[in-house]
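Each chain, written out:
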Amino acid sequence: MIDWIERQRYIIDFTLSSLLRRKVKNFGLLALYTLIVFILASTMFFTYSIKKEASIILSESPEIIVQKLSAGRHDQFPLSQMETLKKIRGVAEVLPRLWGYYYEGGLGANYTLLVPPVTTNKNGIEETTDSITSVENKENAPDNPDKPLFQYNDTKLKPGTIIIGQGIARTRNSHVGDFMPFRAYDGSIVGFEIKGILSSESELVSSDLILISEQDFRSLFGIGNDFVTDVTVAVVNPHEVSTVASKIVNILPDSRPITREDILRTYESIFNWRGGMMIVIFSAAVLAFVIFAWDKASGLSAGERQEIGILKAIGWETSDVILMKFWEGAVISLTAFFSGAILAYIHVFFTGSLIFEPALKGWSVLYPHFVLTPFISVEQLATLFFITVIPYTVATIVPTWRAATIDPDSAMRHSGD
Amino acid sequence: MIELSKVRKVFNADNPNEFSALNGVSVKISQHQLTVLTGPSGSGKTTLLSIIGCMSRPTAGRVRLDGRVISSLPERFLTDIRRKTFGFIFQQPNLIKGLTVLENVMLPAYPLGESYSLLKAKAIFGLDSLGIANKANAKVEWLSGGEAQRASIARALINNPSIIIADEPTAHLDTNLSFRFMEIIENFKTEGKTVIISSHDPLVYNSSLVDRLIKLRDGQIEG
Ligand SMILES: Nc1ncnc2c1ncn2[C@@H]1O[C@H](COP(=O)(O)OP(=O)(O)OP(=O)(O)O)[C@@H](O)[C@H]1O
Ligand SMILES: [Mg+2]
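First to last, the sequence lines map onto chains A and B.
Taken in order, the first sequence gives residues 1 to 417; the numbers are from our numbering.
Taken in order, the second sequence gives residues 1001 to 1223; the numbers are from our numbering.
Bear in mind the hints are in silico, worked out from the structure with no lab data behind them.
Glycine included, C-beta positions come from ideal geometry on N, C-alpha and C.
Mixed in with the good hints, there may be bad ones.
Stated by the list, open to error - The calculated BS3-like cross-link candidates involving lysine-lysine, where the alpha carbons are at most 27 Å apart (straight line), are:
1. A/25 to B/1139
2. B/1006 to B/1139
3. B/1139 to B/1097
4. B/1084 to B/1097
5. B/1028 to B/1084
6. B/1139 to A/23
7. B/1215 to B/1189
8. B/1120 to B/1139
9. A/86 to A/195
10. A/25 to B/1097
11. B/1193 to A/23
12. A/23 to B/1215
13. B/1120 to B/1215
14. A/195 to A/158
15. B/1215 to B/1193
To be verified - Here are the computed distance ranges between Cβ atoms for each label pair:
16. B/1115 to A/286: 55 to 63 Å
17. A/286 to B/1066: 39 to 47 Å
18. A/21 to B/1076: 36 to 44 Å
19. B/1186 to A/390: 37 to 45 Å
20. A/294 to B/1176: 49 to 57 Å
As the list claims (entries may be wrong) - Far from chain A by the CB rule (all over 12 Å, computed), these chain B residues:
21. 1024
22. 1082
23. 1133
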């Protein structure tokens, strides 16, 4: 046993000194390998996290959103039509929503302004919810996930005040207590006091969000008291979503019901496009790796061959040589694996996928700064391990096997140096 | 004692370039003696040494080491016998570049996994007895030809072999160094080691140390 450990130690020792002897070559190898792992891991982390974010958003979106159309164009929804909707069979609840996009020319940024939904509590007093799970907030979410997308527990939203997302706070360098100016629909400038900043589980949704009181929202966008942006409809039986949606169009021909399925499709196309980009990058990296490993597997350099011949001639067994090459492959690939994965983690979750930014452009100005919540699964890392470390290590051993089975007397024959 | 009977070695069998390097060599090599193989280039000296030293297997015939047939053993056993019984001195020093002299000398013992301090002490002792202990931590690239050969001799001795095989050991040495080499061989003899050398250097095969001279020609023993 002691001998066995000593033997491993000697061979690892020799391996390390061999690696150092070919410093330039091995350093280049390591750098290339790390780069490939970095790209693979970055795409993996990125696509996985963004899918995870998307699924959180989707799990919380309302079953049906109803918009009003005027001449085919999205228009303000008259509150009077809410009663009509409530009467449709299969409709459980209809809730008004007030929200809109606001373009800030100076920063070239789009904000989403949202009036937090109002609920009526047991005592008949209206109050705003203190925790919202998504923009398309679904009231009384049945199996409300334990992770709300943002919360503003302590701050009560009063007219004249707003609560802003972290992305906005960051880009504008705004703090609680600052005033934020807006240009209203009639051209006048209004300022609102920042009362709070959203704490966030997922910045993807809340980073560009501004919560605003109903009164301020109406005066900013010039929306009358009889109108809202759109309404959400909850159905009694989830299987009847499409039936209810078609009933809505029948009864209100100038309305447009958008089901969760529709939203899902939209999101999917967005995320799939980004995912598609990632798949392209990913496959390019895999290809590079295959070529790289193949190059490695296709043979040993003359120097290495001669060295193995000498080792065998002086009494190393084939298994000793293979053990040495195994350690060599393991040292290189584990180092590359860990450094590549750690760099990718920093890249994706701390720098906002800086290197992929060109591919991800088209996000609102705020988005490139958003920081994905680190979602990493053991399976991901295991997959990465299996597609990099294992094939590389095998690729280092295979040619050695061939070289090691040749007779050691080759050492007696080559003409030397 | 090493006993060869009707040993043949055919390279590239069943190929157009098939070549028979040894054609039925039968010979007995006694212990504690200096045996020298000589003969023209291509006569099969190196091939024969590599078969004796368990580096390769004969195509036909038998090799016995102390009565035990070793010619048909699988590679693992051959390696084991080789590293415990034989020490090789090659025509070129065959040292591994980038390592120090000390590391090169210790290298054959690595797979045996003995204690580091003991191994190091042995290696230093070996280098010392060959007069190059001061070069222990030098990289092998810096050594002179004679120093490199002595380093390779120290390496051949690290596992304390009872038989030493040297293939053309003086081919790259000047006369002075060749004499020094023969002195080392003399020491081996006094230590009771068996030494087998191939050489066409008269300085070696005419030496008074030689106990037996075997002449090879076309893969056969002459006379
Ligand atoms: N691996 C091989 N494949 C084919 N032929 C070989 C091989 N090894 C040796 N030979 C041939 O076998 C013959 C004997 O070779 P060997 O090296 O034993 O000769 P030698 O007596 O040591 O010669 P030298 O004095 O030049 O070293 C030579 O003709 C050589 O070309
Ligand atoms: Mg020869």
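Cross-check of the supplied hints:
1. A/25 to B/1139: Holds: residue 25 of chain A and residue 1139 of chain B sit about 20 Å apart, inside 27 Å.
2. B/1006 to B/1139: violated (44 Å)
3. B/1139 to B/1097: With a Cα-Cα distance of about 7 Å, the restraint between residue 1139 of chain B and residue 1097 of chain B holds, given a limit of 27 Å.
4. B/1084 to B/1097: Holds, because 25 Å separates the two Cα atoms, which is no more than 27 Å.
5. B/1028 to B/1084: With a Cα-Cα distance of about 21 Å, the restraint between residue 1028 of chain B and residue 1084 of chain B holds, given a limit of 27 Å.
6. B/1139 to A/23: holds (16 Å)
7. B/1215 to B/1189: Holds. Residue 1215 of chain B to residue 1189 of chain B sits at ~21 Å (cutoff 27 Å).
8. B/1120 to B/1139: Judged against 27 Å, a Cα distance of about 16 Å means the pair holds.
9. A/86 to A/195: violated (35 Å)
10. A/25 to B/1097: holds (15 Å)
11. B/1193 to A/23: violated (41 Å)
12. A/23 to B/1215: violated (48 Å)
13. B/1120 to B/1215: It is violated: about 40 Å lies between the C-alpha atoms, which goes past 27 Å.
14. A/195 to A/158: Answer holds: residue 195 of chain A to residue 158 of chain A is near 9 Å, not above 27 Å.
15. B/1215 to B/1193: holds (22 Å)
16. B/1115 to A/286: 55 to 63 Å: violated (46 Å)
17. A/286 to B/1066: 39 to 47 Å: violated (57 Å)
18. A/21 to B/1076: 36 to 44 Å: violated (28 Å)
19. B/1186 to A/390: 37 to 45 Å: violated (55 Å)
20. A/294 to B/1176: 49 to 57 Å: holds (52 Å)
21. 1024: holds (20 Å)
22. 1082: violated (6 Å)
23. 1133: holds (20 Å)
Checked against the numbered hints above, the structure violates hints 2, 9, 11, 12, 13, 16, 17, 18, 19 and 22; every other hint is satisfied.
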